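Visitor: Once you have looked at the hints, place chain B on chain A.
Chains as they are written, first to last, in full-length UniProt numbering: chain A, 1 to 241; chain B, 1 to 226.
Please keep in mind that the hints were generated in silico from the structure rather than gathered at the bench.
Honestly, I wouldn't trust all of these hints.
[What the hints assert, rightly or not] In silico EDC-like links for lysine to aspartate or glutamate, alpha-carbon gap of 16 Å or less:
no.: 1; chain 1: B; residue 1: Lys53; chain 2: B; residue 2: Asp79
no.: 2; chain 1: A; residue 1: Lys140; chain 2: A; residue 2: Asp114
no.: 3; chain 1: B; residue 1: Lys104; chain 2: A; residue 2: Asp114
no.: 4; chain 1: B; residue 1: Lys46; chain 2: A; residue 2: Glu152
no.: 5; chain 1: B; residue 1: Lys46; chain 2: B; residue 2: Glu35
no.: 6; chain 1: B; residue 1: Lys141; chain 2: B; residue 2: Asp188
no.: 7; chain 1: B; residue 1: Lys53; chain 2: A; residue 2: Glu115
no.: 8; chain 1: B; residue 1: Lys213; chain 2: B; residue 2: Glu167
no.: 9; chain 1: B; residue 1: Lys187; chain 2: B; residue 2: Asp177
no.: 10; chain 1: B; residue 1: Lys128; chain 2: B; residue 2: Glu178
no.: 11; chain 1: B; residue 1: Lys52; chain 2: A; residue 2: Glu39
no.: 12; chain 1: B; residue 1: Lys142; chain 2: B; residue 2: Asp214
[To be verified] One-sided excerpt, in silico: chain B residues whose CB lies under 7 Å from chain A:
no.: 13; residue: Phe32
no.: 14; residue: Arg62
no.: 15; residue: Glu66
no.: 16; residue: Ala77
no.: 17; residue: His99
no.: 18; residue: Asp102
[Said to hold, decoys possible] Now the in silico label distances, taken between C-beta atoms and shown as ranges:
no.: 19; chain 1: A; residue 1: Ala198; chain 2: B; residue 2: Glu42; range: 27 to 33 Å
no.: 20; chain 1: B; residue 1: Asp188; chain 2: A; residue 2: Ala198; range: 24 to 30 Å
no.: 21; chain 1: B; residue 1: Glu129; chain 2: A; residue 2: Gly70; range: 22 to 28 Å
Since this is a predicted model, take the numbers as computed values, not measurements.
Glycine included, every Cβ here is placed at the ideal spot set by N, Cα and C.
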Amino acid sequence: MARSSQQKPPRRWKLYGAWGSAHAAMARNALALKGVRCEYVEEDLDNKSDTLLRLNPVHGGKVPVLLVDGQPLAESLVIIEYVDEAWPESPPALLPPEPRARAAARFWARFFHDEVSPLSRAVVLADAEAERAELAREVKARMAVMEAGIAEDFAGDGEGPFVHGRSPGLLDVIIGSCAVGTRVLAAVSGVEIVEPGATPRVHAAVAAFDELAKGFGTTVPDELLLAKLLERKARSRAAAA
Amino acid sequence: MSPPVKLIGAFGSPFVHRAEAALRLKGVPYEFINEDLEKKSELLLKHNPIHKKVPVLLHGDRTICESLVIVEYIDEAFDGPALLPSDPSDRAAARFWAHFLDQKCGRPLWISLWTEGELQKGFVKETKENLALLEAQLDGKKFFGGDSVGYLDIALSLLAHWVGVFEEVTGVSLVGDEYPALRRWAKDYTSNEAVKLCLPSREHIASYATAMKDNFKLMAMAMLQQ
Chain A
1 MARSSQQKPP
11 RRWKLYGAWG
21 SAHAAMARNA
31 LALKGVRCEY
41 VEEDLDNKSD
51 TLLRLNPVHG
61 GKVPVLLVDG
71 QPLAESLVII
81 EYVDEAWPES
91 PPALLPPEPR
101 ARAAARFWAR
111 FFHDEVSPLS
121 RAVVLADAEA
131 ERAELAREVK
141 ARMAVMEAGI
151 AEDFAGDGEG
161 PFVHGRSPGL
171 LDVIIGSCAV
181 GTRVLAAVSG
191 VEIVEPGATP
201 RVHAAVAAFD
211 ELAKGFGTTV
221 PDELLLAKLL
231 ERKARSRAAA
241 A
Chain B
1 MSPPVKLIGA
11 FGSPFVHRAE
21 AALRLKGVPY
31 EFINEDLEKK
41 SELLLKHNPI
51 HKKVPVLLHG
61 DRTICESLVI
71 VEYIDEAFDG
81 PALLPSDPSD
91 RAAARFWAHF
101 LDQKCGRPLW
111 ISLWTEGELQ
121 KGFVKETKEN
131 LALLEAQLDG
141 KKFFGGDSVG
151 YLDIALSLLA
161 HWVGVFEEVT
171 GVSLVGDEYP
181 ALRRWAKDYT
191 SNEAVKLCLP
201 SREHIASYAT
211 AMKDNFKLMA
221 MAMLQQ
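This is chain A alone, in the form it adopts within the complex (with noise of 0.2 Å):
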């Protein structure tokens, strides 16, 4: 992989992120574990700033969105692949060394990424108890696909508590930044779809990196934001009737 050594890293960066975002917590818990200083912007989802609408070039007004010297960059995937790019000297490295788990790791964050995140997102907001329950129980079967990939893909020396084994990496920062999603969704639906029997080594790393990220400022607490998407639920079926 073409890596110069003689890259700077950038000079000024902001990230824009929002509570209860768990994509914005994502990009936000890998600056901090790379031990980079960032302003940090809130936005208020309800009420989008100009700056943010702007900024974001294709989907105005999504967080995150991470200036680097003026420049933004968007998508959290891509926004942590780029932390670790940009700080290279300084651990954890959340991209392994080696390219075959360098790929898995990209393949598991795509697919929760594509496959877990928008079906959970239908499960906070699908009316009937028993469709929210069926619903999670969806993606608490792919919670397992994905628990058996990564048993296979990152087997390692059964090193934990992360995916990644002792500290943190791609996945980590993904699943972990979902940690209080979960619990949502329990309490929203009545399934837990991350639990120790059925996805031990997810539910290992999701607690472990909650832990982590309670001294990154960046969780926030369940029912808070279980009342928060239930507001905004109530409000958008008022706004489409």
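Guide: Just chain B now, kept in the frame of chain A:
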């Protein structure tokens, strides 16, 4: 010596092309295993049980799935010209725009091509806005990667080759004269020595699209419901 490389693909697929283009540009010899997507082989189902899709790269005992993950793997596992730029911001931009094509452009593009009338209009407008963003990204460069073909050019190859053929088959014009940089880029990409070797002919794509017209229209209608 590096273990053997095999690519499970389907002739004509733009996603499979991404993997092949990366292999060709890196100068990596490989065996192409063609799949009948109507009747998937044990080999494919064994190596991609989750998505059951092509392309799948087999490198010795390693299996890599997902076209863009494969392209990055090829870039990292083999010597040869770098496909991703070296600067982290440029790498991030390349990944962002590749993601943009797959996640944001794909649906409106498909609906624009395979529906008609009022339904179609809004999606054509959206597609043209998306194309304008990509036109701006070229910004005077020959390729999205700079002077030579790179990751983003490969990721956007659908626009360089397949879309033009679909436009002919459907009579829908999308990449018009208002995108001079994209049109020039498409010619440069498709005439690249390494890329040429793994591009299905326009005739092949056209006859496939014509045969699949009704299916494609159904797919577009289904996308509308999403």
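Visitor: Against the earlier hints, flag every one the structure doesn't satisfy and list their numbers going up.
Guide: Result: hints 1, 11, 12, 13, 18 and 20 break, sorted rising.
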